[in-house]
Amino acid sequence: MFNKVLIANRGEIAVRIIRACRELGIQTVAVFSEADRNALHVRYGDEAYLLGPAPSRESYLRADKILDIAQKSGADAIHPGYGFLAEREDFAAKCAELNINFIGPKPSSIAAMGDKGKARATVIKAGVPVVPGTEAVGNMTDDDLLKIAPTVGFPLLIKATAGGGGKGMREVKSLEEMPTLLQSARREAESAFGDGNVYLEKLVEGARHIEFQIMADSFGNVIHLGERECSIQRRHQKLLEEAPSPFLDDELREKMGSVAVKAAQAVDYVNAGTIEFLVDKDRNFYFLEMNTRLQVEHPVTEMVTGVDIVAEQIRVARGRQLSYSQEQIQFKGHAIECRVNAEDPFNNFMPSTGRITHSILPTGPGVRVDTGVYPGFEITPYYDPMIAKLIVWGETRAQAILRMRRALEEYRIVGVRTNIPFHQTLMDSHRFMGGQFDTRFVEERFSMEAASETEDKQAEIAAILATLVAHKQTERSAQIVRRNERDASNWKWVGRWERMHR
Amino acid sequence: MFNKVLIANRGEIAVRIIRACRELGIQTVAVFSEADRNALHVRYGDEAYLLGPAPSRESYLRADKILDIAQKSGADAIHPGYGFLAEREDFAAKCAELNINFIGPKPSSIAAMGDKGKARATVIKAGVPVVPGTEAVGNMTDDDLLKIAPTVGFPLLIKATAGGGGKGMREVKSLEEMPTLLQSARREAESAFGDGNVYLEKLVEGARHIEFQIMADSFGNVIHLGERECSIQRRHQKLLEEAPSPFLDDELREKMGSVAVKAAQAVDYVNAGTIEFLVDKDRNFYFLEMNTRLQVEHPVTEMVTGVDIVAEQIRVARGRQLSYSQEQIQFKGHAIECRVNAEDPFNNFMPSTGRITHSILPTGPGVRVDTGVYPGFEITPYYDPMIAKLIVWGETRAQAILRMRRALEEYRIVGVRTNIPFHQTLMDSHRFMGGQFDTRFVEERFSMEAASETEDKQAEIAAILATLVAHKQTERSAQIVRRNERDASNWKWVGRWERMHR
Amino acid sequence: MKYVTTINDKEFEIEIVDDHHIRIGDRLLAVDFESVSGQPVFSLILDGKSYESYVYQGDEDWQVLLRGQQFQVKIEDEREKRLKSAAGGGVAEGGEFHLKAPMPGLVVSILVEEGQEIKKGQVMLILESMKMQNELKAPRDGTMGRIRVKAGESVEQKQALLSIH
Amino acid sequence: MKYVTTINDKEFEIEIVDDHHIRIGDRLLAVDFESVSGQPVFSLILDGKSYESYVYQGDEDWQVLLRGQQFQVKIEDEREKRLKSAAGGGVAEGGEFHLKAPMPGLVVSILVEEGQEIKKGQVMLILESMKMQNELKAPRDGTMGRIRVKAGESVEQKQALLSIH
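Residue numbers (my numbering), protein chains in the order written: chain A, 531 to 1032; chain B, 531 to 1032; chain C, 486 to 650; chain D, 486 to 650.
Read the hints as simulated data drawn from the structure, not as lab findings. Take the hints with a grain of salt, since some may be wrong.
What the hints assert, rightly or not - Selected chain C positions facing chain B (Cβ under 8 angstroms, derived; list incomplete):
{"#": "1", "residue": "G533"}
{"#": "2", "residue": "E537"}
{"#": "3", "residue": "E598"}
Glycine is no exception: its CB is placed at the ideal position from the N, C-alpha and C atoms.
Produce the complete structure using the sequences and hints provided.
Written as structure tokens, this is what we have:
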């Protein structure tokens, strides 16, 4: 049983893990890049060690340095968080070699689920439905793929075998455009993952992205903690998640949950993981992939089940049995998470960097904020733009939406632009309120323009505000000019002296 | 049914109520003193009106102005919060006269419970046990009281009939010292409440202060939401509350709960209220008083029951039935609230005023902060020193304590001194962890001194920190001196000119 | 002081009467206006209604972010406005546009060439920052002028990238 | 630069070696020391261990608030310390003590008279602030000097209230 955990991550998730450790009485070791000396995880960790320069590949991706620090500091476990080294089979294996407890699944499970083609094949064998596509593992040539495409049917998706995050993904509407798209998908996959392999998958139209949280211990117990609805995405990046999904009923939940458990068992899974499904309009569901790690959006599940997933990860990694049986998992109320990103929703979601000069967090009943930033902290361009997760709980979905709306309105972050206005507009959208959306909703049927009647009412207020600010500024600069005139008097005086005595 | 609520309060509770209204789609009207123009409740309210100068009697106690504003702004309901006008029968009556919905009990209930003597008599009639004492209502002379004292038995308490907050309260050990103490108690009560009446109560030794949250609607439904343990006090001010009480079992809870319901029914109670009990070592419990309003510590009950008490207050005031029956109230886990006060625990809890220059709130799973302050806000001497309530939830009491400990460690407030270190020391106290405390614990058996082994380990770190800060400061002032030397050069130059041309 | 303030072609005539009053059109309104903690966040109580907003100054206009909506606001004082309309009004539409890096990052690719005709909205350059690929688009039609960076190059915030004639 | 730093009569000899190293006794330690957001909150990484603390400067000493404990710290540079011990050491214990209002408030009552002998810990004055009555006590034995305020009077922070000889 380990007593000191190195957190191989940064930002809110590093803070989240440190909190769980502290609440379990476990010592923590933070690691940081040069850009992160003042980050919250460094301040909150019991120990903290510098990894290297800001870019990830010179810091948070340096498995060798991280393992060195673990050994030097006596950390007997590593929590990888998400991203960075979280799904690197070799890193998990290396930990095992060095007798360091990797808080996550076995390397073999990571490997089995890491290659998307292999993963599909594995779960099909276990009787898990997958989106129709090319089942063969590995190297299919363009010719093979072009031959097989009509049997899959159009529209279809080209996806990278090593993929994730939408990279190397292309939508194909017809055989004619397929060769070009194949090439560009392979090029993108090659540059993103060092692996140009791709496979085909039928495009499920009007699909929702719904995932199940899994927890498994090393005694063969596997349970699910219900689903998360993650269809609110933009460029394949999730922006908002909720639990439960407004689309599922108890029957479908139970059915999908047991399939998710089966998928996890198929790779002999241990610790926390997530099975992602696509669900079509007719409630058919298809395995998409498994994320063999903690997810960004785990808090919504925590809010509706009362389970502390990170604490449970640690318990399981310490060799304990799961604290809950499937029957003990009860769902209460509704939770929503908004990812607060440093990007400007009025300017094509352009990332925004800078120093946070002021911040007021929304608080009060049913509100949770997971964040790694604070006033005075600098948002750099080196890492992903998520600066906070705003999570609310309500007795019903409607109450959760109303609560999220007031929390978003309260949230102040000054110094960088954020996508909070995007979430505010989303909360006001009738389609969102009605639960009527799929993964294309944000990109195809959503606009930042407010209803014009709201806009008109507010325009006058905006005009007054801007005018008052401009007026104050004019007044202030007038004062500065006057003050400068006074300040300059020494010099004038010197000038006079010069003239006088010339 | 009302649609616009005026919140006749300030600080965290005004913010709390605004949040509840906003989540119910109700418009809010804030009122503020000159000292509070930038307070959060003014910023969060839909409307905001100035009451008057900073002192409470010229602002938040000006019932006339508040009612004027309510009428002018079209607010059809008033939420009084706690303190200020919350337990003023005349204010509640005046609201009714003006057809403004007072979100609280009927004036008659406030009156019945406001006079402590009358309240005792009322609940005794309903079969509720009270601490033995003088039962007669109203004007007892010193002679009467001195005659009756031996039958009550020593030690006993002199308490103000109109009392609250420990004012006009005196502990009497013997008949001899009683005349003097009677006089000083009457004097204090007179000056605090404009009413010098006092009564006697047996002093229950080793007593715990445990209260029950009541909710009642106008259809005669009355339920309790379980108890709160409030024994951690200093000078009769609560500092920490938790739910459930580590001292109660289900049987005693049910018994006390039904007595609490009976006490509320005895005064025909509507809306939220609290029945305070003393509980002695042998689990005998005695009615102490009823607070006919929302309590500071209501969040711990919200955390363990999932009920939003303020939202429920509003629903009931809107003429709806209670949302829950007694059977639907389920308790889950354990919640603790620490009151964060602007006072210095290392200097006799001296209040601390000033501008908050920086603040980092603890966040993450199971943590809630209710506060009305933010960086840039000024803590003035006009109002009570509570600046935030830090509330945590855990599956067990032990987990809640560990979580509170980490949350206190994370909390940063710069600009005023706070009692956070008091709470940190309390969380480390074995007696507190063991649940072994009564209302005298903080004053008589608690010390801010850490165990000396901890102190020794940390002293070296403290020495290093102070030395590094002092060293930096010395370096910086050296630089400023050097810079000033340069800045002065203009003048030197003028001086040279003068000399040159003399 | 009188201002003419424009949002989406709609003009508001706003007069600052004194520290606590403004006149908009012919309505006299009581204002209580404060900056929050010295930040570009402003609290406005306007005839009892409480508003809070971020107000940023851009190069030519002001941006007001109010309850999740953003407004582009142009403010001219009356005198300025009269002078301009006397001079025939309308700023020249043309002139050179210089694209500056909106944030530090890595130039992934440049999709235009010097001298090329381009359309408004056309993607000119892809800049990677915060793990995202950001498309920088042409704000108007024109001809590509000088391109000052190469693919693979790291750029600082506000560094000049390219120009449009 | 060498310092002699004292907490509760315990002396620590601390040498600032360079920006990243100190020597305490004969141990050389790596330090990484930062002020947080320009506030009197400091983050210290000392040989890998991460600490955070409030450090306030008092009139004569420093206060360090670390993990819920407060330390009174006296810091002298070595030269200063040597000079003082050469001069015979020990600052005079006596001298006049001036009680200043620790916060704005209302003087509720004054429990001492000019010329009266008082004991350390004796309550001299009650000051009401934030709805609390605060007892201001004598920091040492002495004789009451001038009393500059009256009961019922409002006082500003740091206003002189009374003196002890």
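Here's how the hints hold up against the structure:
| no. | hint | result |
| --- | --- | --- |
| 1 | G533 | 5 angstroms, holds |
| 2 | E537 | 5 angstroms, holds |
| 3 | E598 | 50 angstroms, violated |
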